[in-house]
Amino acid sequence: MERENFYLLLDLSIDPPETDSKNIEAAIARKQSEWSRLRNHPTKGLQAQNFISMIPEIRRVMKDPALREQEAEAAKENLVKDKADKITDIDRHIDILIGKGFISKEEIVRLAQIHGMEEKEVQDRIRIKKDEKFSRVDQQLSLRMAKGYVTEEEINKLAKRHNLKPEEVKSRVYIPMVKNGNEKAPLAPRQMDRSIEKAIKENLKIIDKASLYDFLELHESTDLETLQAAAVEKKKQLVNAGKKDARVTAGNILAGHCVTIFKNEETRISYDISLAKSKLAELDSGIDISGFNGKIRREYYDILVRKAMDFGMEKQEAEQYIRDYCKRKNWTIEQAKGEKRRLFLFGSILAVLLIAASSLGYLYFNYRQEHRIQKEYADLAARVASTEDPQQGIDILNQYIMTYEEEKDYADLVEDARRLRENRVSIIAGEKYGEMEKRVSSSVEDNDFETAKSYIDDYLKTNPPGQFAAKARKEQAEIESMAENAAFEKLSATVIQAAADEKISKITDYIEKYPRGKKTEEVRGMLADMSSEYYIFVKNALENLEEKKDWQESIKLAQSYIDLYDNSHADNLKPELERYQQNLRFERIFQSLRQQAQNLGQDHTQALQVYTNYLQAYPDSPINARIDEEIVKLRERIRQKEVQKAQDQLTEMIRDSGGRFVEKGDGVAADTETGLMWMLLDSDITGFQNCMIFDAAARYVENLSTGGYSDWRLPKMSELAGIYKKTPAFPVMKEKWFWSADSYSGYSEGWYRIVDTITVFPDGTTAESSRDSRECGVVKAVRNQ
Amino acid sequence: MNEKSIKHIFGIDLGTTYSSISYVDEFGKAVIIPNPENERVTPSVVFFDEENIVVGEVAKESAKLYPNEVVSFIKRSMGEPNFIFEFAGQRYRPEEISAYILKKLAQDARQYMGEEVTDVVITCPAYFGINEREATRKAGEIAGLNVRHIINEPTAAAIAYGSLETTEKKTVLVYDLGGGTFDVTMIYISKESVEVVCTGGDHNLGGKDWDDRIVSYLVQKFQEETGLTDDILDDPDTWQDLQLSAEKAKKSLSQRAKTPIAITHGGQRIKLMLEREKFEELTEDLLYRTIDFTREMLEAAKAKGFDAFDEFILVGGATRMPQVTEKISDEFNITPKIFDPDEAVAKGAAIYGWKLALNDDLIRRISEKTKKTIERPEALSEMIDRKEISAEDFREAARELADESGYTLPSVENAMFQVKNVTSKSFGVVAHNPSDEEIVFNLVLRNTPVPARIKKKFYTAGENQKTVLIRIMESETSNVEIPVDNAIEIKKAVLNLPANLPEDSPLEITYELNEEGQLHITAEETSNSQKIDVVVDTASVISGEEFEQAKIRTQKHMVM
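Going down the list, the sequences are from chains F and B. When the letters of the first sequence are read in order and numbered with this note's numbering, they come out as residues 1 to 785. When the letters of the second sequence are read in order and numbered with this note's numbering, they come out as residues 1001 to 1560.
One should not assume that every hint holds.
[As the list claims (entries may be wrong)] Only pairs whose alpha carbons sit at most 20 Å apart, straight line, appear in this in silico SDA-like list of lysine to any residue:
| # | chain 1 | residue 1 | chain 2 | residue 2 |
| --- | --- | --- | --- | --- |
| 1 | F | 236 | B | 1086 |
| 2 | F | 22 | B | 1086 |
| 3 | F | 31 | B | 1086 |
By construction, these hints were calculated from the structure, which means they are not laboratory data.
Construct all of the structure, not just a fragment, from the sequences and the given hints.
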């Protein structure tokens, strides 16, 4: 397992390698603190823990000069990155023998003899090689699974290509198969959650694995049961590993994922599709990076094709894929020209090999090399000269410089290339400047200074070479001053007729925009002259706002004056401002109470509590009058609800009166026996008054207009008895007594009035009595039909 | 009656996400001490606010505004020697950060009780290794506390549970899914003792992992909705903000089927609805892992003859997630009991502390009465068994104690219950086997009852060897010989040998592991039976000058 390179990990300079132990220790301390902060990061935490645990090893290596030097070398090599696969002798021999399709028993014996191995070991090797062949098939299959199914045609093609029977390929397919691509897939596999997908990838990265299959060391065509078993086995292995560092934790997490993903075909297919898609996405992003100026250069194209083949595409298929992709993006692919430039890449390896071969070879090689180098540079210069787009020339030169700047033989030529590049760069810069200037002057002609300035800003952001930047800055200053003049003229024109607030806003805008402009002092004078005019405007506006109780605006306005002026007017406004702020505070409190009350919805009793709590806590608050209003409203709502409830109940109960009482709607009930009309609800239920003495009762019926009738009256005692004593009686919900119209005078310690009343009980019984007219009773109003 | 005659020993649950402190009141009942904000748990979050250090809810809320000045989840880094939190040029180790949390708890308790908090019992996951335990003890010492005992969280929970149901003998399985750690432990409870049978778990698996899954999901959704491709978690403000939102969402999903979440980053804001079903999908594998650990632990328990259990108890805040109960019911065919998930651990620790305090007092009384010295509290019951101390003397001392302290006699007698523990890790040394391969030879195997004392002979490699380096290795296997790569080195000890020893001289090494998981090593050169000087290196845990400095800083800093 390759570990991280410490130079790269610590972001230390490689060329020349950092050797100052102070700097190195500082870098370690910096990283230690950085990793510690990331220790509990939701996605990077495990990696950070891993790095933290590496610190002692990092210190050991980086403090030892010899190890450190090795590390720096390795870092350089790492950057070049050579991944030459070592093929052992035995594998090569097997490859040759397997070419005919099988390996005989004798051949195995011979191979074992030649390589000094057991026969079984050779057989294992052969099995692995065979698996490799299938792994290529698996790879290509998995890529085709990205769309969620495979077609029979694809299977047949693959079988043919790999010299297999279609059944052999089919046996490795475990997602839906369809006859051809036009058919819809039989089941749309569920999309795997992208965050899980990402988490898996990140954990795989920590342990250097490509996929969950790779993690379990199994092929992508392995059946579910085996995968499940392997996941459990893996888990056991990790437990036996007997420690818990970041790598083991990552492994544990992955084993957990394996169990849930390889639980059934559906989840597994989701994962496979995500895997295939991510390979294609990787390839797509590779193409994106290579596409430059709408073109893919030949060298890149070849690399892309190889990469696509690594992912499991056939050469033809890979070429087609890249071409199609470029077509969609409207990119062209550079045609191959005679000699392949790829030679460079392998040049140095070849040179090393030749040195090893013999010194004569070296000299010979060197001589040829000299020629080749010169010719190559001449070709390069010609290519650069022939390009019309200077940027393309620079790209070619950059590539050249980057490739050879380290090599001694090329030093002079690289220098030449650099000069050539300078030249090109300055041509481009000149062109760019010209373009910018053209746009700027056109905008200036239209008096659009803002756009003109933005052109220059954009230009400066591109880091143009010094002389052009200086020119651009000079131009910028000129435009700035022109813009200011124009703005001042415009301001002077508007200020003559505009309203005070508009004037102020224009003036302050101006000052803000040109804090150090030529005319700014003059504008400030204008502002000072306006102090009284603006004060009058503000005062008037404030009066208006006060009426509307718009405290927020009032604060803004008063504050705006105070911010602008430090004079007696401003001093006058300060206490006002405080008052507005206080009003606003209380307004907010009031609004928040209302909000709280509203949030309680239909629960008016709770809402009432919100207000009464506040009143209790702040008995002197200035908003209490408004709160009282709210309370009245709420109480009314509660009453209405109760009335409604009682009405519903009574309506229900009247239906059981065997048809004697009939509800007429609008709160009126008719007694079909007597022909009298009664109010459905009595005064106790409507809650009109808490206490209704007899005089009030009389007034109450006088003013009633229930059901659209105005001739309501107090019932006679006999009429009351008629509905309550005679069954089926008018329904009674709770005990109460009613005023009758029958009253007379009585005497006891002075004159008073006595009224006949009837008390009703929910069980249907009644009682008659005479009461003092000053008692609190209930009215059941009646009228003749 | 003077209840002050018994010193209070407080129980502290030092959790990954929340901590709490408890004591046993005059009725012998464990109660949680609320903090000044009147909350029963305090977030284990430390905020370095210029000169002041703020711990708790305010610190947690500050994480959004000052992500670089706030440390959370420090428990996960206990015993990690290379974890450093840097603030204003000062470098803090996890022990010191934890000390601030402890100091805050002690301070709040003092304010509430009106008495100084000096002696404490601190809890740690059963799965903590030696370094983590030692770091926890050091954190207490840095905070200026006298750490009487480090007790395992599931054991504490079982004590709290057992204190309510003392009549029956029961085997209970404690499934403790906390904020950052997961422990599963089988415990045998009777009137006389609380015995740990087997333990297992993972100290990198807890509620936070569930939160992290939500965070990743939110990042993904944000990218999908806005089309931005950069990792918004690179912005510390956004990271902290999402971390808090995720925790809230998780809690909310324990009550409701879905919850709204807003994500704000770089001036963009999106709102989305997270459904419980999605949440369960995102975290299914985590839950599976807890089940898997439980199964493994059950296997190990079976090997010890415990093939059934009476009750399945859930502790730790994360067990409130409905899927935990559902999954356990499905897998083990038993309805688990959620038992005081946030407070059981602190209360158990307080009860244990109370037991220690009563034991101290009882031993003092019995020693005075019998004129016999009792070295350790455990020795008392052994001495009663061996009739060196008569049951009558014991009962009389207990009665006196009950009279003077105001506690009831049965509660004093009950406080004599024993706690028997096992080690959650195996410990060994690096040695060469007969085929001369370097291996770890495990002297103490996991799930061995503690205290354990194991001796093993090793031999010197050369003539006149001056020193022997002992690499003390910790691992999680039950095998005697394991590859070196499968264990971690927790300490180094150097034996300074006497001069002129011949080759192959026998050395006897003794590992002593006590109830609290502290490891003590002695070595003897047996041919001449001379004691060998053992120098143990404790670089993994704060010590020496660094320790003293941290202590001074902690005393100096105001904790709010």
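These are the hints, each one checked on the structure:
{"no.": "1", "hint": "236/F with 1086/B", "in the structure": "38 Å, violated"}
{"no.": "2", "hint": "22/F with 1086/B", "in the structure": "19 Å, holds"}
{"no.": "3", "hint": "31/F with 1086/B", "in the structure": "11 Å, holds"}
Consistency note: the structure conflicts with earlier hint 1 alone.
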